[in-house]
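Participant: Sequence:
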Amino acid sequence: MTYDNGLLPAALYKAYELIGNDRFLTVANISTAFLEHKCFKHDYLSLIGNQRWFIMNEGYELYAQQPIDAMAMVILYDCMYKLNRSKVASDKLQISFKWFLGFNDLDLPLYDTDTCGCNDGIEEFSINRNQGAESTIAYHLAWLIAAPYFEVDKKTTQRVLQFERFLN
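Per the numbering used here, the sequence shown starts with residue 216, numbered consecutively.
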């Protein structure tokens, strides 16, 4: 497993939606369950780190978590939700997005409200303060997808919509 792990099942959910082949749905569900087993051991998203690659039946790195991976999980659950309108998918999407806001292994936000940029990842003792284009785009794309799912949660909506000042 490398980067963007959520994109494989997301693509399979979309393919099932378009083509209707049950095998796509089966593999998407199995892939999603596998990712959930690895990434939702707590009440927040804990991504597979990229310090070294994940190898089956071995432990994996917790650190060098990347914003692009959180974005991929948001995309995954958006695709799943649009297919089955599942509350589970909506909840997992929200949890995945909150990773950017500090609901993660270090309890530190990666999104910077002062710069409207996104820090590059979670390292062992802190976040990587570099705010590269990939990370910032990953946050903003995830925000565009996730924002409609936060209508009920006013506190999170406030944090998410701070981005609006950047747009105006």
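Please note that a few of the clues may not be correct.
Okay, the calculated beta carbon distance ranges per label pair [unchecked claim]:
(1) 232 - 341: 17 to 25 Å
(2) 328 - 253: 39 to 47 Å
(3) 341 - 255: 32 to 40 Å
(4) 349 - 297: 24 to 32 Å
(5) 349 - 299: 29 to 37 Å
(6) 226 - 303: 14 to 22 Å
No lab work stands behind these hints, which were simulated from the structure alone. Here a beta-carbon is modelled for each residue, glycine too, at the ideal position from N, C-alpha and C.
Participant: Any hints this thing doesn't respect? Which numbers, in order?
Facilitator: Hint check: 1, 2, 3 fail, others pass.
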